[in-house]
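Could you put the whole structure together from the sequences, leaning on the hints where they help?
Take the sequence shown: its letter number 283 is residue 282 in numbering that gives the first Met the number 0, and every next letter is one higher.
Taking lysine to aspartate or glutamate and the EDC-like style, the derived pairs with C-alpha atoms no more than 16 Å apart in a straight line are:
#	residue 1	residue 2
1	Lys-252	Glu-32
2	Lys-449	Glu-321
3	Lys-252	Glu-332
Pair by pair, the computed Cβ-Cβ distance ranges are:
#	residue 1	residue 2	range
4	Val-174	Glu-332	23 to 31 Å
5	Phe-490	Arg-60	38 to 46 Å
6	Val-154	Arg-66	15 to 23 Å
7	Ser-102	Val-174	21 to 29 Å
8	Arg-60	Phe-458	45 to 53 Å
9	Thr-238	Val-88	20 to 28 Å
10	Leu-462	Ala-293	37 to 45 Å
For the record, the hints were derived by calculation from the structure and aren't laboratory data. Cβ coordinates follow ideal geometry from the N, Cα and C atoms, glycine included.
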Amino acid sequence: MKFKLLRAYVAQAYVSLIGIVLMPLYLHYLGAEAFGLVGFYVMLQAWMQILDMGLTPVLSREMSRFRAGTLSVAEAAVRLRTLEVVQGVLAVSALTLLCVLSSWVGRAWFSAGTLSEESLTHCVILSGFAVALRWLAGLYRATLIGLERQDSVNVLVVGFATLRFVGVLPLLKYVSVYPEYFFGFQALVSIIELATFAWTVHRIIPCGISIGADRKALGAMLPMVGSMSFLTAMWVTMTQVDKLILSGLLTLKEYGYFTFAVMAASGVLVLVPPLNQIVQPRLIILTERREEDALAELYRLISQLAVIAFLALGGGLAFFAEPILRIWSGSGEVAAAAAPILFWYGLANAVVGILVPPFMLQFARGDLRLHVLGNLILLATLVPALVFSAQRWGAGGAGQVFFVINLLFLVFWIPIVHRRFLPDLTWQWSLHDILPVALVIWAVIAMASKILPNSLQPFHTLLWIGGVVIVAAIMGIVAGYHSRLLVKRLFSKAMK
0 MKFKLLRAYV
10 AQAYVSLIGI
20 VLMPLYLHYL
30 GAEAFGLVGF
40 YVMLQAWMQI
50 LDMGLTPVLS
60 REMSRFRAGT
70 LSVAEAAVRL
80 RTLEVVQGVL
90 AVSALTLLCV
100 LSSWVGRAWF
110 SAGTLSEESL
120 THCVILSGFA
130 VALRWLAGLY
140 RATLIGLERQ
150 DSVNVLVVGF
160 ATLRFVGVLP
170 LLKYVSVYPE
180 YFFGFQALVS
190 IIELATFAWT
200 VHRIIPCGIS
210 IGADRKALGA
220 MLPMVGSMSF
230 LTAMWVTMTQ
240 VDKLILSGLL
250 TLKEYGYFTF
260 AVMAASGVLV
270 LVPPLNQIVQ
280 PRLIILTERR
290 EEDALAELYR
300 LISQLAVIAF
310 LALGGGLAFF
320 AEPILRIWSG
330 SGEVAAAAAP
340 ILFWYGLANA
350 VVGILVPPFM
360 LQFARGDLRL
370 HVLGNLILLA
380 TLVPALVFSA
390 QRWGAGGAGQ
400 VFFVINLLFL
410 VFWIPIVHRR
420 FLPDLTWQWS
430 LHDILPVALV
440 IWAVIAMASK
450 ILPNSLQPFH
460 TLLWIGGVVI
470 VAAIMGIVAG
480 YHSRLLVKRL
490 FSKAMK
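Here is the structure:
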């Protein structure tokens with residue numbers, strides 16, 4: 000089991016990072032304006048998840064029931080076919096709507112300089128086609144995960160990620176740098192990916208022509224769908240509304256630079272899924288056993304580790320934004336345009352990461368009402384503030400708003416959450432567990448960024464930045480009481 004989890008984490012990290020690592024090459028071949036369309040494509044993938052409505056996690060659960068022997072193969076096949084029909088209809092509907100609106104999007108939504116309206120329209124249609132097919136493939140990924148075929152999923156996901164991100168480079172280098180070729184290739188890979196996943200699943204659960212969708216099967220799955228779909232929609236809206244707003248306010252070239260900076264900042268959030276998968280089950284178990292002291296102890300430890308990891312990484316990206324982008328992209332122009340954006344989004348994503356443990360606590364308690372209410376308040380504040388700041392100060396202004404509002408949420412709303420679920424930590428969590436660690440890390444990184452020698456070669460600059468991040472993390476561990484105790488325990492155990 001441990002090795003299976005390790006392989007899953009490695010595959011997940013690879014898929015998350017390979018696209019980020021190769022972004023400078025896409026920017027180089029496509030140019031900033033066409034690269035803005037790549038940002039639109041990435042954003043579409045995120046918004047498409049709202050249509051999932053929590054159906055794929057529920058299907059994964061149903062397949063686990065089949066694996067456990069609770070469902071027969073016929074019942075599992077009916078549930079699979081039912082969601083194939085439902086999600087197929089949703090995908091076709093979304094793609095049809097996007098095709099109908101594609102001309103308007105290319106003409107009125109995007110602000111292009113060199114790309115023609117016809118080219119923009121073609122790119123929107125191809126992007127929608129690729130996104131819809133990738134989303135449908137997610138149905139079969141969830142099925143395989145529920146059947147405990149994680150290794151098969153890892154191999155397929157890594158293979159198609161490599162084909163999607165690496166395979167397009169020869170096309171751009173030797174055939175054409177027109178964006179239509181890029182998105183056409185993405186659509187082709189999505190067709191192959193969907194067919195491969197569907198074939199793999201139907202070898203295990205055969206769904207013959209005689210098996211059709213069943214309303215009763217759908218009805219049996221619906222009770223679990225409502226809350227999950229709302230949480231998914233909330234998360235997507237919170238993390239993508241700024242991208243949507245800016246895609247219509249900025250020129251495509253500016254949006255390309257914005258996309259480049261935001262993709263770099265998204266590397267901070269790669270740490271979220273492993274944190275959730277490793278810690279969330281333990282928090283739930285401690286809650287169910289009513290082991291309140293152990294729950295509080297683990298929660299405070301995880302919170303401090305989250306501050307150390309997210310703030311060290313996000314702070315490093317923020318305070319060293321210009322040299323990182325200059326080395327990564329090989330362009331002073333790109334670095335100058337994207338560095339102010341990366342500064343704010345690096346810090347904002349660090350705050351978003353710190354907010355993960357409080358959500359996990361609420362999830363473990365089985366009560367997400369405060370989470371929903373708080374995010375509705377946050378969203379109601381964020382959207383108008385983003386529109387106002389983006390219109391006045393562009394992408395940098397949007398980044399500042401995104402950081403400040405999330406920080407205010409952390410400072411003022413999370414104590415309310417703690418007063419409800421861990422009353423003893425109402426202010427102790429913020430003032431004793433989080434603030435000292437955050438200040439130490441921030442001070443180390445901020446001071447080190449001021450004394451970075453300008454004469455260093457790129458490799459030595461990266462070594463300097465990496466060393467600063469490591470030192471900041473170590474200082475954060477020393478500053479945190481619970482993290483310090485953990486290190487002492489691990490060291491004592493290793494010495495025995």
